[in-house]
Amino acid sequence: MKKYVLSILVDNHANVMARVASLFARRRFNMSSVTAATTCDPTVSVISIVTEGDEHNLEQIIKQTRKLQEVKEVTVLPPDESLLYEMLILKLAFGEANISSLRDIVEVYRAKIIDLTSSSMVVELTGKPSKIDGFLEVMSPYNILEMCRSGIIGMSRGNQSDWWKSGR
Amino acid sequence: MKLNGSEIFCEVLVEQGVDTIFGYPGGAVLNLYDALYKYQDRIRHIIMAHEQGAAHAADGYARATGRTGVVLVTSGPGATNLVTGVATAYMDSTPMVAITGNVPTSLMGQDSFQEVYITGITMPITKHNFVVDRVEDLADTLREAFRIAQTGRKGPVLVDIPKDVTSALAEFLPAAPARNEYHTEIDIDSLDKVAAIINGAQRPVIYYGGGIGASGAGEELAALMHKAGMPGAYTVMAAGVVSSEDPYSLGLVGMHGCRTSNLALDHADVILAAGTRFSDRVASVPDEFGRRARIIQIDIDPSEVNKNVMVDFSLVGDVKDVLQALLPRIQHTEHKEWMETIARWKEEDYRPEDSDTVLKPHQVIRKLCEMAGEDAIFVTDVGQHQMWAAQYVRHLKSRHFISSGGLGTMGFGYGAAIGTQIACPQARVIHITGDGSFHMNLNEACTAVSYQLPIITIILDNRVLGMVRQWQTSFYGQRYSCTTLDRRTDYAKVAEGFGARGFQCENMAEFENALSEALKCTGPVWIACSIDRDEKVLPMIPGGCTCDSIIME
Numbered sequence: 001m002k003k004y005v006l007s008i009l010v011d012n013h014a015n016v017m018a019r020v021a022s023l024f025a026r027r028r029f030n031m032s033s034v035t036a037a038t039t040c041d042p043t044v045s046v047i048s049i050v051t052e053g054d055e056h057n058l059e060q061i062i063k064q065t066r067k068l069q070e071v072k073e074v075t076v077l078p079p080d081e082s083l084l085y086e087m088l089i090l091k092l093a094f095g096e097a098n099i100s101s102l103r104d105i106v107e108v109y110r111a112k113i114i115d116l117t118s119s120s121m122v123v124e125l126t127g128k129p130s131k132i133d134g135f136l137e138v139m140s141p142y143n144i145l146e147m148c149r150s151g152i153i154g155m156s157r158g159n160q161s162d163w164w165k166s167g168r
Numbered sequence: 001m002k003l004n005g006s007e008i009f010c011e012v013l014v015e016q017g018v019d020t021i022f023g024y025p026g027g028a029v030l031n032l033y034d035a036l037y038k039y040q041d042r043i044r045h046i047i048m049a050h051e052q053g054a055a056h057a058a059d060g061y062a063r064a065t066g067r068t069g070v071v072l073v074t075s076g077p078g079a080t081n082l083v084t085g086v087a088t089a090y091m092d093s094t095p096m097v098a099i100t101g102n103v104p105t106s107l108m109g110q111d112s113f114q115e116v117y118i119t120g121i122t123m124p125i126t127k128h129n130f131v132v133d134r135v136e137d138l139a140d141t142l143r144e145a146f147r148i149a150q151t152g153r154k155g156p157v158l159v160d161i162p163k164d165v166t167s168a169l170a171e172f173l174p175a176a177p178a179r180n181e182y183h184t185e186i187d188i189d190s191l192d193k194v195a196a197i198i199n200g201a202q203r204p205v206i207y208y209g210g211g212i213g214a215s216g217a218g219e220e221l222a223a224l225m226h227k228a229g230m231p232g233a234y235t236v237m238a239a240g241v242v243s244s245e246d247p248y249s250l251g252l253v254g255m256h257g258c259r260t261s262n263l264a265l266d267h268a269d270v271i272l273a274a275g276t277r278f279s280d281r282v283a284s285v286p287d288e289f290g291r292r293a294r295i296i297q298i299d300i301d302p303s304e305v306n307k308n309v310m311v312d313f314s315l316v317g318d319v320k321d322v323l324q325a326l327l328p329r330i331q332h333t334e335h336k337e338w339m340e341t342i343a344r345w346k347e348e349d350y351r352p353e354d355s356d357t358v359l360k361p362h363q364v365i366r367k368l369c370e371m372a373g374e375d376a377i378f379v380t381d382v383g384q385h386q387m388w389a390a391q392y393v394r395h396l397k398s399r400h401f402i403s404s405g406g407l408g409t410m411g412f413g414y415g416a417a418i419g420t421q422i423a424c425p426q427a428r429v430i431h432i433t434g435d436g437s438f439h440m441n442l443n444e445a446c447t448a449v450s451y452q453l454p455i456i457t458i459i460l461d462n463r464v465l466g467m468v469r470q471w472q473t474s475f476y477g478q479r480y481s482c483t484t485l486d487r488r489t490d491y492a493k494v495a496e497g498f499g500a501r502g503f504q505c506e507n508m509a510e511f512e513n514a515l516s517e518a519l520k521c522t523g524p525v526w527i528a529c530s531i532d533r534d535e536k537v538l539p540m541i542p543g544g545c546t547c548d549s550i551i552m553e
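If you're matching them up, the sequences are chains S and U in order.
This note's numbering numbers the first residue of the first sequence as 1 and each following residue consecutively.
This note's numbering numbers the first residue of the second sequence as 1 and each following residue consecutively.
Honestly, the hints are just simulated from the structure, not real lab data.
The model shown is predicted, which means the values in this text are computed figures rather than measured ones.
Cβ coordinates follow ideal geometry from the N, Cα and C atoms, glycine included.
Please note: incorrect hints may appear among the correct ones.
Here's a subset of chain U near chain S, in silico, CB distances under 7 Å, partners left out [unchecked claim]: (1) M123; (2) H128; (3) A170; (4) P286; (5) S303.
In silico EDC-like links for lysine to aspartate or glutamate, alpha-carbon gap of 20 Å or less [said to hold, decoys possible]: (6) S:K72 - U:E334; (7) S:K63 - U:D187; (8) S:K72 - U:E181; (9) U:K367 - U:D532; (10) S:K67 - U:E181; (11) S:K63 - U:D532; (12) U:K227 - U:D354; (13) S:K67 - U:D534; (14) S:K63 - S:E52; (15) S:K72 - U:E144; (16) S:K63 - U:D354; (17) S:K67 - U:E144; (18) U:K227 - U:E144; (19) S:K67 - U:E370; (20) S:K3 - S:E124; (21) U:K536 - U:D354; (22) U:K227 - U:E245.
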């Protein structure tokens, strides 16, 4: 089982997310995270999906997704040559005893405290998924009240795939 | 020219070359039906008994002609009743445009009377679907629906039109009919490679499916079979695209295909899969399928390549275009030894036993073919009778065997037969069904009577759900759970009640008499044929097995 990050360009229509999700559901394709938003071209949205499977699964996912009428392009982001980012927000309870060690961890990971009360804080961290995983592991002994991950967004490095200028 | 949405709807139908639609009116489509009243000189509307029947009729119309079938129904239950019909068309890649009315946009999402989210419901069973929010978008959306339905791998498209859109006014500009915009791009290198493999084969076989019919590639396929000396086995969906009496025709392949076809695929060194998708009814063990062969696949849908069975080479494109490009590269070859082996297998293949006393399915069907003539179009329901029809009908022409292959929809037959007869008024349409399937949608008899359609329905009546019972016999220790119907339906009387004619037959003499009467009738006729409840469809390869486990008796 390998992890793949797909970047899917779609028409920015109502239901387009439902169509992609419905396809993944009915064909039993794995979807471990999904994010979607409009791009700088308001008629186009990008859906980023993280999926797990073998190469045969991936081939089917790409071909079946391309068949959807509103899908313009499906690309697999190569992990080594792509910028993959994710955001985490984490709500923690703290006391006198552990506040300073929490602050140290936040410092080391260059995370940010974005909300603070006398007994709780909300920490934000943006970075590669592996960094988020590492941060969560370090934080796991503490009293986590709530957690939310954005799912991965990504694009390839360099100047290729400037799709919105290249006369789609 | 300003028109209201309903007039725009009719204008687009006319513009797209649609002269016949099937449907059922209701509240949300009152405006559309009001416009159809005005357009009745250009658009013929066939009113069915049930929306499911309407969908199957549009499907049958499309299968018989290759044109896009159109069905129009109201919102809510009208729309949900379409679902089985749309799914049937989707699984068999039939071009269809389904139009549903919906509540006005202001009432959508409020659980309004007869409101249902039909685009959500049909998302997985359509090529695409639309909700038309603005009357300004209506004409182009409908045109796009026709384009999608006909382009590439064909299939159903649903357009949901809220009631306010059907009354609002917009400017209408005429346009040309949508065309199949698909263009085959052939890679010459791959083509040469494939030709070399075929030319070098010792035991080649073609395995072909519904794509040949959809593409109209029967002639090219037959030419390839003869030139390459390559016998062909057909799926249920491809029955008739090449005559089953062609010397290079092996016969039906798959679970209830003949032993020869299945053995040939198993022993082949090269398999050319053309317009077919390696369904589990044929490739029931994908890893074992064509285990001695290099497999080449031609399909218009790239997602079918390596979906169920991994292939060695693939050519993506319209199969007619691909075969035309391939043919000049193929050497005239005869595979004498291979054809002798096949001839021997044919000798040893399953042969049903005739009877002088009781009705046997194969004898009924053979007599039927003989008396109905070579141009008859056969439409089936689903079950044992369907397989017997696939096995024993003389498949001579493309679009002359209409059957629900992928979805296996019991109740498909009568609606589809009506659509076929409407599409081909001069043709002799024979509807072969079983007592189980027929009870699902026999209500469409009223439609056949209203329109005086001379459809002859042959009911192979074994008073059980034969196909399920056969499995219970073979694999479930004869525990006949809920398959012994023993219904008391008197088909002759029911037919008469509908205004049709009906016959009951117990032996071949009675059947011949009934059929010769039926062939003279100008309206629908039912002929119920009592057969034994233990008749089996043979041969059979049990699910999950290869032809090593074929059951012959």
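*Quick one, are S:K67 and U:D534 close enough, alpha carbons at most 20 Å?*
Distance ~45 Å between S:K67 and U:D534 Cα, so the pair is violated.
*Once the shortest beta carbon distance from U:M123 to chain S is found, is it less than 7 Å?*
Holds - the Cβ of U:M123 comes within 7 Å of chain S, reaching about 5 Å at its closest.
_For S:K72 and U:E144, compute the direct alpha-carbon distance and say whether it is at most 20 Å._
holds, 16 Å
_So if I understand the rule, the pair passes when the alpha-carbon distance is 20 Å or less; does S:K63 with U:D187 pass?_
holds, 19 Å
_Proposed proximity, U:D532 with S:K63 (alpha carbon, max 20 Å)_ = violated, 47 Å
_Pair hint outcome, S:K63 versus U:D354 [Cα-Cα no greater than 20 Å]_ = violated, 49 Å
*Does the alpha-carbon distance linking U:K227 and U:E245 stay inside the 20 Å limit?*
Distance ~17 Å between U:K227 and U:E245 Cα, so the pair holds.
_Next pair to validate is U:K367 with U:D532; report whether the Cα-Cα distance is within 20 Å._
holds, 18 Å
*With a cut-off of 20 Å on the C-alpha distance, tell me whether S:K72 and U:E334 pass.*
violated, 47 Å
*If you draw a straight line from the CA of S:K67 to the CA of U:E370, is it 20 Å or shorter?*
The hint is violated at about 44 Å.
*Answer holds if the nearest beta-carbon of chain S is closer than 7 Å to that of U:S303; otherwise answer violated.*
Holds, about 4 Å.
*Hey, S:K3 versus S:E124, does the alpha-carbon distance stay inside 20 Å?*
Not OK: S:K3 and S:E124 at ~25 Å, beyond 20 Å, violated.
Of the numbered hints given earlier, the model fails hints 3, 4, 6, 11, 12, 13, 16, 18, 19, 20; all others are met.
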